[in-house]
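Just need the whole structure built from these sequences, with the hints factored in.
Protein sequence lines correspond, in order, to chains B, P and H. Counting from 1, one number per residue, gives the positions in the first sequence under the numbering used here. Counting from 1, one number per residue, gives the positions in the second sequence under the numbering used here. Counting from 1, one number per residue, gives the positions in the third sequence under the numbering used here.
If you are wondering where the hints come from, they were derived from the structure by calculation, not from laboratory data. Ideal Cβ positions, reconstructed from N, Cα and C, are used throughout, including at glycine. Some hints here could point you the wrong way.
Stated by the list, open to error - Computed beta-carbon distance windows for the label pairs: (1) B:Glu154 to H:Asp85: 18 to 28 Å; (2) H:Asp149 to B:Lys234: 56 to 66 Å; (3) H:Ile231 to B:Lys234: 50 to 60 Å; (4) B:Glu52 to H:Asn53: 45 to 55 Å; (5) H:Ile231 to B:Lys184: 27 to 37 Å; (6) P:Leu266 to B:Lys234: 25 to 35 Å.
To be verified - Here are the computed lysine to any residue pairs in the SDA-like style, where the Cα-Cα straight-line distance is at most 20 Å: (7) P:Lys108 to P:Gly221; (8) B:Lys116 to H:Thr61; (9) B:Lys249 to P:Gly221; (10) H:Lys211 to B:Asp142; (11) P:Lys22 to H:Ala177; (12) H:Lys234 to B:Ser141; (13) H:Lys227 to B:Asn127; (14) B:Lys248 to P:Ala23; (15) H:Lys195 to P:Gly65; (16) H:Lys153 to B:Glu177; (17) H:Lys211 to B:Ser141; (18) H:Lys214 to B:Ala135.
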Amino acid sequence: MAGIMIYSDKDELSFELLSAANLISGHTGLPINAVCINNSEQAQGLAARGAETYLINNEAINLADSKGMASALESAAIQLDANIILLSSNRRGKELSGRLAEKLAAGCLTDVGSIKVNRDKIECMRNSLGGAVLAAQMITSDYKIIAVESRVFEEMAVGKEGPINNLKIEAQPAELEVLEERAKVGDTANIESANILVAVGQGLKSENDMLIIKELAEALGAEIACSKPVATDKKWLPEERIIGLSGKKCKPDLAVILGISGQVQFTVGIRDARTIVAVNTDENALIMQMADYIMVADLHDLVPEMTRALLV
Amino acid sequence: MEFKLSKEQELIQKTAKEYAEKAIEPLVNQIEDENRVPDEVIEGLRELGLLCLPVEEKYGGAGAGFEGFVVGLEQLARVSGGVGIFVSVVMLGTSTIAVHGTEEQKEKYLTGTCKGSWIPSVAMTEPDGADPRMLKTTAKKDGDHFILNGTKRFITNTNFAGPMVVFAKDADTGRINGYIVDKFCEGYSISEPWDKLGSKGAFLSDVYLKDVKVPVSNMLGTPDEGFQTLKVTMAMGKIGLSAIYLGNILAAYDEAFNYSKDRIYLGKPISQFESVRNSIVDIAMKYEAAKLMTYRIGYLADNTANKAKLVKDSAMTKIFVTETAVDVSRIAMNVFGSYGLMKDYKMSRIYRDAIVGPQIEGTANLLKTVVATDMYK
Amino acid sequence: MNIVVAMKQIPDLQQVRIRNRQPVLDGVPMTFGSIDKNALETALQLKEAAGGNVIVISAGTEELEDTVKEALAAGADEAYLVLDDELENIESSVSAHLLAELIKQIENIGIILFGEGSGDNYSGQVGPRIAEILGLPEVGYVCDIELEDSRVKVTRSLEDCEEIVRVNLPAVLTIMADINEPRIPSVTQILKAGKKPKQILEVEDIGLDLKGDKKIITLSSLAPENKRKQITVKNGEELVDALLTEGVIRR
Ligand SMILES: Cc1cc2nc3c(=O)[nH]c(=O)nc-3n(C[C@H](O)[C@H](O)[C@H](O)COP(=O)(O)OP(=O)(O)OC[C@H]3O[C@@H](n4cnc5c(N)ncnc54)[C@H](O)[C@@H]3O)c2cc1C
Ligand SMILES: Cc1cc2nc3c(=O)[nH]c(=O)nc-3n(C[C@H](O)[C@H](O)[C@H](O)COP(=O)(O)OP(=O)(O)OC[C@H]3O[C@@H](n4cnc5c(N)ncnc54)[C@H](O)[C@@H]3O)c2cc1C
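This is the structure we're talking about:
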C-alpha cells in the first residue's frame, strides 16, 4: 500500500496540492492520484497539469456533508491504494481532514505552512502555541493526512496531459441539507482587519497624488492607511485610517509603508505586521530598520511602477 | 505562608482586568473630560459584582472578601484612577455600615447599593481639616431624630442617591458618631464639583447639611461606639487607597516597560541603555513590594475580627503604596522624556493620578503621626 | 436537552514569553482557548433561548480541575473531565477518543460544540474526529445557529461564501471566533463555580493507551527568528517578485 492522493474542493488549491504531491513523489517515487468530486472542470484542469485524475460523479455526495465526503475519500484512498493524502487547509479541507483521519486511524496535520522531504520522511512545519513557535512535525501512522495552507506551493503549470478516469463510489444520503448559499458581503474599510495595508505618510507631495496610492491599493487588494499628520494636519484621509499610538494597532500580513519616517508613535501600530515594505527617499529613515524589504526611492516613481508590475 | 492567588482570586483579577480593558478603557478620555463615571460603567461594575466585592452575599454583595477586593480594584484602577476612587468609596460606605450597622441598616443600605441603584459616600473631612478633633458638624437630638448641621469638604460620590455616613459631634455630649443620611433628603445640598489634577472621574464636591433630620435608628453603633466606627472607617479607606495606587504603579510599569522596548534611539531601543533598564527594574521591585503590602492588608482585613485594629497596618500600607506610586511615576516619566507629558500617552494620566494618592484619606504626614503614636505608646 | 461544549486547557498565551527561541511556560497560568470561550457563550445563549443544561467536557492535566472553574463561572452547569498529568500535549486523535468517551456518559445530547480551533494548536481536528467516532453529522465554521425542534439551522462561513444548512440533532458544530463576544464571568459566579457538579474520569477508566497511540512526532519546536529581513530591492518589479515569491501577495 503506497501512493499519494490529493483532493480539494477548490480548483486552484488542488493545482497547488499537485505541486506538493510532486515534491513528495520526487523523493519517494510514489504515484500521484488526483481526486475530483462532482467537478469535471477541475478534473480537466488537473489532467491538463499532468495528473492521473479520478473523477467521482455521484450526486448523492454532498460537498457540505463532511461525513459523506470523508466516506467517499476513504473509499477512494482504499481503491487507489493511497496512504498519503494531501488536502487543502481551507475551511472545508480542515473539516474533512479530521473526519477522514479518524476513519483511517491516521495522524493528521493541518495548516501546514511548508513541507520538507527527507528521503521517505515528510516533515511538516506548522504554527503552534498560538503562533509563538513554529513546529516541525511528522506523521508516523500508516495513513497520513496533510492539509496544506494556500499559497505555500505554486499552482502546477499546465503541461503534459494526464488521463481522467471515472471512479465509482457509493454514498449514503446526507443527514443535512443545504438551504441556501450566499456571497459574503464585503467588509467596510477597517484597517485593523485588512490583510494588506498601504500606508502613506508626509512623503506624499500633494493630495492629488493620492490617486496613485489608490491604484496601488486596488492592485494589491489593500486598504489605505496613513501616518497621523496625513489625517490630522493634511486632512487627506479620515482619522480612522491613522496607524499608531493615537490611531489603530494593525497586524496585516503585508504593510507597504510609503514616505513615513517611522517614529515610534507610528511603529507601535504596525510592528506586528508579518511582512513590512518600506519605501523612502532617506536610506537612514527609522522605518528602514524595521522593514523586510527596503526600497530607497521616490514613492511617486515607485508606486506606479509597482502597480504596473502587479497588473502584468 | 502562601504567596499565591487562589484560582477564584485569579479569576476575579481576570474579570476585573477584562472589564476594565473592554468597557472602561475606551471611555477613559470621556471620564477624564466629564469628570464622572458613566452610568453604563456603574451598571457594568454592579452586574459583575465588582462594585461590592467584599459585601456579604446575603446583602447582594459578591462575598469576595478584602483579598478579592484588593485584587479586583487593582485592575480597575490600573485603567482608571477615577473609577478606582469611585469603587473604593462604595466599599468604604458599605464596610462602615457592615461593621457597625444594625441588621435593618444593613438590609436596607447594603442591599440598596449592591442590588439597587444606590452609591454610598462617607463624609469626614471639613473645611477646617480631616482630623476628627476639628469636626464642627453637629448632631442635636430632638425626640426620635437627630438634627444635623455643618459643611463637609471634598466628599466623593455626593451626586448619587444613596446613604452617606456623616461623622458629626453630638451637640450635647461632644461625642463623635456616624449617622446615615439619605443623600438628597431635605436640607442636603452639594457644591459644584471640584476639578482636581488627577484621579479624575469620581465626583467630588462639598456637602451642605442644613437642619437635616435623621431618625435615631440611623445612628451607626451605640453612642459610645463612635470612636470605634471612626477607626474602622479610617482603616477601610486606606485599604481601598492602597489597592488603587497599586493599580497605578502597575499601569506605570506596563507603560514604561513597553515604551522602553519600542522607542528607538540611534538605531537601538532605549532598553539597551543601562540607566533605562535600571529604571525598569526599580519600578518592578517597587511594584512587588507594594503588592505584597497591599495583598497582605487584604488578608488581614479578612482575618481580623476587630477591624479597628487595622488602623496602624492600613496606614503604613497606604503611606508606602501611595508614596511609591509617586516615585514610580517619576521614574517612569523619565523613561518617556517629553513624550510622556502628552495627553496621547497614558503615562501623562498615570502621573497625574499618582500625585493624588498621598494627599487623600489622611496625608502621609498625618498618618505617620498615627503610626508613631501606636509604636511609642 | 444537554448542550455539550468541549474546551481545551492551554497556557495563557498572552503571558508566554520567548527566551532563546523557546517558549517559557513556567508560572504561566492555565486557561481555555479563546474560541472555546465563544463556543461556551454559544451554548449559554442557546440555553437561555431554549432551556437545557450546559455541560463542559475537557481532558487535561490535574490542573484542569481548577481551570474548569473558569467555564463554570461563565455559566456552564456541569463538567465532565478526564484528569491525568500524562495528558499534557496530547495529540488530536487521543483527545478525540477521550472526549468521545466522556460524551458517551452524557444522556439526551442535543448539540456538541467546539471552537473552530484550539487556542494553541488551532488544528480544528477534534470536532470532526469526534463526529466520526460517534457517527454524527458535523458542520464546521458556524457563525449563526437557529434551533428548530429536532434540528438546527446553521450558517457555515466559508472563505468566499456563506452556506445555510439544516442538520438533524444530535450534531457536532464548530464555532467561529466572531459569532459572539463571550461574557465576562461575574465575581458571584466565580465564587460559586467550585461548588458545581463535576464528573471525573481517569484514563484507565477509558482504557486508552496514551503512549502506544502516537501518530505524530514533533521534531523541533522553535520560535521563528523575529528579525526583519532587511533586503534592499532596486525597483518595483523586483519588489513585486519578492512579495509574490514570499506568498504575501497574488497577482
Ligand atoms: C503624543 C504623540 C502621539 C502621536 N501619535 C501618532 C500616531 O498615532 N500615528 C502617527 O503616525 N504619528 C503619531 N505621532 C507623530 C509621530 O511622532 C510622527 O511625527 C509622524 O508619524 C510622522 O509622520 P510621517 O512619517 O508621515 O512624516 P515625516 O516624519 O515628516 O516623514 C516623512 C518621510 O517621508 C520621506 N519622504 C519624503 N519625500 C519622499 C518621497 N518623495 N518619496 C518617499 N519618501 C519620502 C522622508 O524621508 C520621511 O522619512 C504622534 C506624536 C506625538 C507627540
Ligand atoms: C479625590 C479626593 C477624594 C476625597 N474623598 C473624601 C471622602 O469621600 N470623604 C472625606 O471625608 N474626605 C475625602 N477627601 C478629603 C481628604 O481625605 C482630605 O482632604 C485629606 O485627608 C487631607 O486633609 P486636609 O485636606 O484637611 O489636609 P490638611 O490637614 O490641611 O493638611 C495640610 C498639611 O498639614 C499636614 N498635617 C495636618 N495634620 C497633621 C498632623 N496631625 N501631623 C502632621 N502633619 C499634619 C498634612 O500632612 C499636610 O502636609 C477627598 C479628597 C480628595 C482630593
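Going through the hints against the structure:
1. B:Glu154 to H:Asp85: 18 to 28 Å: violated, 45 Å
2. H:Asp149 to B:Lys234: 56 to 66 Å: holds, 60 Å
3. H:Ile231 to B:Lys234: 50 to 60 Å: violated, 31 Å
4. B:Glu52 to H:Asn53: 45 to 55 Å: holds, 52 Å
5. H:Ile231 to B:Lys184: 27 to 37 Å: Once the Cβ atoms are compared, 35 Å apart, the range 27 to 37 Å for lysine 184 (chain B) and isoleucine 231 (chain H) holds.
6. P:Leu266 to B:Lys234: 25 to 35 Å: holds, 29 Å
7. P:Lys108 to P:Gly221: Holds - the C-alpha atoms of glycine 221 (chain P) and lysine 108 (chain P) are around 16 Å apart, at most 20 Å.
8. B:Lys116 to H:Thr61: violated, 33 Å
9. B:Lys249 to P:Gly221: violated, 55 Å
10. H:Lys211 to B:Asp142: holds, 17 Å
11. P:Lys22 to H:Ala177: At roughly 17 Å apart (the allowed maximum being 20 Å), alanine 177 (chain H) and lysine 22 (chain P) satisfy the hint.
12. H:Lys234 to B:Ser141: violated, 48 Å
13. H:Lys227 to B:Asn127: Between lysine 227 (chain H) and asparagine 127 (chain B) the Cα gap is close to 17 Å, so the pair holds against 20 Å.
14. B:Lys248 to P:Ala23: Holds, at roughly 18 Å.
15. H:Lys195 to P:Gly65: holds, 18 Å
16. H:Lys153 to B:Glu177: holds, 9 Å
17. H:Lys211 to B:Ser141: holds, 13 Å
18. H:Lys214 to B:Ala135: holds, 17 Å
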